[in-house]
Amino acid sequence: MTTNSTLQPELIQRFHNVIEELGPEQLKQMLQDMHTIRAFEERAEQLYSLGKVHGTMHLSIGQEATAVGAANALQDGDYLLNHHRGHGHCLAWGSDVNRMMAEFTGKETGFCRGRGGSMHIADVDANNLGANGIVAGGVPISTGVGLSIKMRKTSQVCMVIFGDGAANEGALHEALNMASIWDLPVIFLCENNQYAMSMPMPKAFNIEKISDRAAGYGIPGETVDGNEVLAVYEAVKKAADRARRGEGPSLIESVTYRYKGHSKSDKQAYRTRDEVNDWMENRDPIKRFGALLTTAGITSEAEATGMRDVALGIIDRSVEFSDNSPTPDVAGLMEGVYA
Amino acid sequence: MTTNSTLQPELIQRFHNVIEELGPEQLKQMLQDMHTIRAFEERAEQLYSLGKVHGTMHLSIGQEATAVGAANALQDGDYLLNHHRGHGHCLAWGSDVNRMMAEFTGKETGFCRGRGGSMHIADVDANNLGANGIVAGGVPISTGVGLSIKMRKTSQVCMVIFGDGAANEGALHEALNMASIWDLPVIFLCENNQYAMSMPMPKAFNIEKISDRAAGYGIPGETVDGNEVLAVYEAVKKAADRARRGEGPSLIESVTYRYKGHSKSDKQAYRTRDEVNDWMENRDPIKRFGALLTTAGITSEAEATGMRDVALGIIDRSVEFSDNSPTPDVAGLMEGVYA
Amino acid sequence: MRELTYAEALREGLRQAMTADSRVFMIGEDIGVYGGAFGVSAGLLAEFGAERIIDTPISEAGIAGACVGAALAGMRPVGEIQFMDFVTLTMEQLVLQAAKVRFMFGGKASVPMVLRMPGGSGTGAAAQHSESLENWFVHVPGLKVVMPSTPYDAKGLLLASIDDNNPVIFVEHKLLYKTKGPVPEEPYRIPLSQTQVVREGKHVTVVATSIMVSRAQQAADELVKEGIELEIVDPRTLKPLDDAPIIESVKKTGRAMVVHEAVEMGGFGGEIVARIASSEAFDYLEAPIRRLAGKDIPIPYNRELERATVPQVEDIIAEARKLARGEY
Amino acid sequence: MRELTYAEALREGLRQAMTADSRVFMIGEDIGVYGGAFGVSAGLLAEFGAERIIDTPISEAGIAGACVGAALAGMRPVGEIQFMDFVTLTMEQLVLQAAKVRFMFGGKASVPMVLRMPGGSGTGAAAQHSESLENWFVHVPGLKVVMPSTPYDAKGLLLASIDDNNPVIFVEHKLLYKTKGPVPEEPYRIPLSQTQVVREGKHVTVVATSIMVSRAQQAADELVKEGIELEIVDPRTLKPLDDAPIIESVKKTGRAMVVHEAVEMGGFGGEIVARIASSEAFDYLEAPIRRLAGKDIPIPYNRELERATVPQVEDIIAEARKLARGEY
Ligand SMILES: Cc1ncc(C[n+]2csc(CCOP(=O)(O)OP(=O)(O)O)c2C)c(N)n1
Ligand SMILES: Cc1ncc(C[n+]2csc(CCOP(=O)(O)OP(=O)(O)O)c2C)c(N)n1
Ligand SMILES: [Mg+2]
Ligand SMILES: [Mg+2]
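Residue numbers (my numbering), protein chains in the order written: chain A, 1 to 339; chain B, 340 to 678; chain C, 679 to 1006; chain D, 1007 to 1334.
I should point out that these hints are in silico values taken from the structure, not numbers from a laboratory. The reader is advised that the hints may include incorrect statements.
Derived, one-sided and incomplete: chain A residues facing chain B with beta-carbon distance under 8 Å [stated by the list, open to error]:
1) 204
2) 212
3) 218
Anything over 12 Å on all C-beta distances counts as not near chain B; from chain A, calculated [to be verified]:
4) 11
5) 45
6) 52
7) 94
8) 109
9) 182
10) 221
11) 241
12) 295
13) 323
14) 326
15) 333
16) 339
For lysine-lysine, the following DSSO-like pairs were computed, each having C-alpha atoms within a straight-line distance of at most 30 Å [unchecked claim]:
17) C:973 - C:856
18) B:492 - B:548
19) B:606 - C:786
20) A:260 - D:1180
21) B:576 - A:203
22) D:1114 - C:973
23) B:599 - B:391
24) C:973 - A:153
25) A:203 - A:153
26) A:264 - D:1184
27) D:1180 - A:264
28) A:267 - D:1186
29) B:548 - B:626
30) A:237 - A:260
31) B:599 - B:548
Glycine residues also receive a C-beta, built at the ideal position from the N, C-alpha and C atoms.
Produce the entire structure from the sequences given, and follow the hints as far as they go.
This is the structure we're talking about:
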């Protein structure tokens, strides 16, 4: 659980198969995506403090490995449902960053024509069925998507991402059970970042691992280090393979940490600065994965560092795109309610 | 799992402590109550077919041991919340059979002045907070009752009884978790009668024992033979003791069987007559407990058989009471909505 | 024409929709071997198999979510909520998800689902099995709300609802299931949002929904003997509402009342009154607009109390008579 | 008099209620160390401890159930739902349990609970965090519905709600939390179901709720310059509704409009219109009764779209002017 480079050879050993499977190009792209996500979030925060953004936002800085590891384990045609802290999932899914930024800033060129905003970015054409402002709101929907897949007899899977807090919503229980009894191809990915707003996970649960709930539904449950992108990849890949074989859903808990407050207006009285610093310094997923790829000789250090600049460039252009985009016309206000 | 009398000595041995604890008077009363419940249900069905009852009803014939075992494990001042198939729980709780019958038949003298009916019989003065027409409807309420007990610092406990079907409602999940993290004195008693309306338990669950769900909340879970009244007593007593010690909730699954259809209009196409007959003949809780008490020398056979007549007399009188009771006056229709 | 019960008409509609389109399926509690609590899906399991007549655990939010997700991913689910009361457990999925997804995603997704549910009192099922909550859904942008009052409408509106690309809340009535009426055999659609004048008359406009349509007819049969003619208007689709025929009717009669079973306060009747009171019909009004609806109490168990809680034929007669005679 | 914000007034009310009665406690998400999403309970944890300021997991049905159960067993819970939208997850417990228990048990139990929740749009929180669902609750017998529009009313109505022996849905407004107004220090109660005429005027009666009361005031300030005087009436408690002052006002002005933020269709405005249209004020009406309310769409994210979705001061001015000038 550190970025100490003496550990890297061990990790390379452990993830040997996975590294082979993904190949250098995809591995590099994954690191790049992690950088891009972080850059997006940082810019989002900046735009917010400049007053360019109305509403709220939930930043996933520190959690990039979960988004990237999970998305890379799936295929074209698979489905994604995610949650309020969802920018990273959406970017990792490959959705256009320009249209994301435009949505975040409420522009007509945004994925949702500026109607959705940060909490509702969706890329329906890519089977990304959207972030959700309701904690666990996407979870019951995922069983329906799984049911559709089963009835249509395709080899798709549906991944639904939710937080530790979401795991105590009743909807989760119903969805896990239904997916289990019908062997639906759903991957329930719980991104446990240790807090639900101000609620520390140990106060909200009387168990140590959220994945322990899986047994109550007769499905596999696994807890992985959510700051280790390859660990997340591996677990999600296994769950996806299982789902594609028709063997049903899995519950994966990815343990990670958010560096920023819950949303724009969080004084963070519920945790210490030291705790945050510890995670930032010793377990940062980007540093770790960068170190792994360089140690493994897949990137040079320069290349790895350069990715940060690439990311910033991508984000600059997305802001430019959004700045140049029209705001929605009030005349179209009533559009798009009914199909 | 049979009434075969050769098994009785073994059972007596096994429940030796419990038999001691309860003493002959209470044991006899328990058998009497089981008879009374059955007689109540038989009469309810008869009244229904005579057209004397409007609405629906859910009979618990075959499940008497759960009601009686559970109620006897608790004390005055404890709370009960139960469900639609609740006549037995209410009678076992000691609530007045006359007022129950009057409620069932919609009379002003009924527990709820004829406003509630079969699915809503409550005896608020005795902390019996009522049956519930909503599957799992009483479950979240039980955590609130538990919270009140904890805040008032009394040694009461709250028992909530629900069916196997109720175990798949999201509300249950939320309630179990809340009761667990706060160590509330709640006993979650799942009366698994193998079917939720037409849904056989194995089709609705991908686990064998509903009590296996307890582990996901870090609380004890136990499955008992719900047709063995002393087994139910023992488990509920243990849970109550634990709750009174401030150690929190328990989940108990009591496995039993309903002889009658789900409600008035059930063709029972989802099960075989043989299956029903097997339970009736080989595992009947009243026969079993009667045999146990006679084998143990606590009742004579004559006394045990006589209880049936006592029960019929009690029920006759309750019908007489209800027949002689006034129907609610329409002039009072708007009463009792607000306090 | 051949007569069917309301339940049979619904079943025939379901059968025809499922036969015509493999994306249509049913999901709900006890809809398979049991045939549904009110028998609507009886026999469909044998015909279509357990893959398309899906019995669920008792998980209403899960059922609603399954419909939303399946609809988003290419299917056309028809969910059943066993009693309308239990829809209270699904409000998040219906209101915050199904109804909003399309708009929230800038018009890029659609949720073609139908959620059927029986409302209403009259069977002695008491307070938790007798709700009439349709106006909650009327209040939610993105949903459609359909409420058939006859077997003919039941089938035609159900087929149109299944064809619709939006989430449709389809409210049936327990007491109507066994009522009979003419129903064509072939599939037919009654366009959603088409209010119908079901009886012409010149003295009082009665806007009635669901079971109140037939009660209003009975009232009209009586009143005609006194020379009072009711014009009965059935919106059939409550949202979106086709209010033109209502306004027209009131312009003709000059007197209007709304009758529904749901609780009066905060109910759909207010919407109808408001539409009339802000329309050009206002100038034609010769009397106050009246509502006749459920009393502001939970539905009681006792039969007489239950009956007294919601409008009966005699109540409609009394109210319409007063209105016609200028007693307001 | 001393001025407090709406949030501070609520907090003071909570503090006084908890100090006076050990049965009163708070339960909800992030109400402890975080102080609540809108800061209403800031500091109360330090004052009353974690036993009485109870942070919950994200389990809204569980929160509602905990309130119902605690209320049935001798306590007086004040629950908080972080955004009104999430109340969709609690409808079963509120509507089928809290509201019905007393009647269903023949008047033998009571459920003295308050459930606070912020409604409304205006913060850019989009479709799933901006609901105005009060009329759902108005439609439910057994519930009371309170909606304060000023800091003064917020404190007085909250204390009265906590005193009340029935389940009270207490609807706050996000945009009001920071608004200031005079609030007495000592505890005081504003009786539930007491409609208030908050501004006298002779030309048009404006029935407004929550944030629309201050918008109507601003509109009135403008219109008075044109010689148009609005009479503004704030029901404050929507259920049970004290409609006499509304009827009286309309008898005086002869013209009426209702303004609320919630979606117009199926909304509370219909109830008000219906009350007027069936009352003795009907004969005094010189113009149709108008509603001005939220558009029939989910709340959009974009700021301008969001603003255009619900009534603003200029919309009230335009509508009231037309009404006063007889342009309907
Ligand atoms: C049903 C519901 N309840 C509460 C909220 C308010 N809320 C938004 S995010 C959040 C915390 C969620 O925690 P978690 O699921 O762990 O996700 P995280 O924010 O940590 O990523 C809360 C309470 C909500 N949006 N929906
Ligand atoms: C929320 C809800 N969903 C569905 C129903 C209809 N219903 C009543 S009882 C029942 C079956 C309940 O099964 P179980 O919990 O096992 O109890 P049992 O009837 O077997 O005693 C159903 C589906 C209901 N009353 N409430
Ligand atoms: Mg979290
Ligand atoms: Mg059962």
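Taking the hints in turn, this is what the structure says about them:
1. 204: It holds, given that the least Cβ distance between residue 204 (chain A) and chain B is near 6 Å, below 8 Å.
2. 212: At about 6 Å, which falls below the 8 Å cut-off, the nearest Cβ of chain B leaves the hint on residue 212 (chain A) intact, so it holds.
3. 218: 3 Å, holds
4. 11: Answer for residue 11 (chain A): holds, closest chain B Cβ roughly 31 Å.
5. 45: Label holds. Min Cβ-Cβ 33 Å, cutoff 12 Å.
6. 52: 39 Å, holds
7. 94: At about 33 Å from chain B, residue 94 (chain A) clears the 12 Å cut-off, so the statement holds.
8. 109: Residue 109 (chain A) is indeed farther than 12 Å from all Cβ atoms of chain B, at 38 Å.
9. 182: 9 Å, violated
10. 221: Contrary to the label, residue 221 (chain A) does not stay out of reach of chain B, its closest Cβ about 9 Å off (not over 12 Å).
11. 241: 19 Å, holds
12. 295: 39 Å, holds
13. 323: Residue 323 (chain A) is indeed farther than 12 Å from all Cβ atoms of chain B, at 44 Å.
14. 326: 42 Å, holds
15. 333: Given that every Cβ of chain B is farther than 12 Å from that of residue 333 (chain A), nearest at about 35 Å, it holds.
16. 339: Its Cβ never comes within 12 Å of chain B, the nearest being 29 Å, so this holds.
17. C:973 - C:856: 26 Å, holds
18. B:492 - B:548: Distance of about 33 Å is beyond 30 Å: violated.
19. B:606 - C:786: 46 Å, violated
20. A:260 - D:1180: The given pair, whose Cα atoms are some 24 Å apart, holds under the 30 Å limit.
21. B:576 - A:203: 28 Å, holds
22. D:1114 - C:973: 21 Å, holds
23. B:599 - B:391: Cα-Cα ~19 Å, so holds.
24. C:973 - A:153: 50 Å, violated
25. A:203 - A:153: 42 Å, violated
26. A:264 - D:1184: Between residue 264 (chain A) and residue 1184 (chain D) the Cα gap is close to 17 Å, so the pair holds against 30 Å.
27. D:1180 - A:264: Cα-Cα ~16 Å, so holds.
28. A:267 - D:1186: 23 Å, holds
29. B:548 - B:626: 26 Å, holds
30. A:237 - A:260: Status holds; Cα separation ~29 Å.
31. B:599 - B:548: 23 Å, holds
Checked against the numbered hints above, the structure breaks hints 9, 10, 18, 19, 24, 25 and satisfies the rest.
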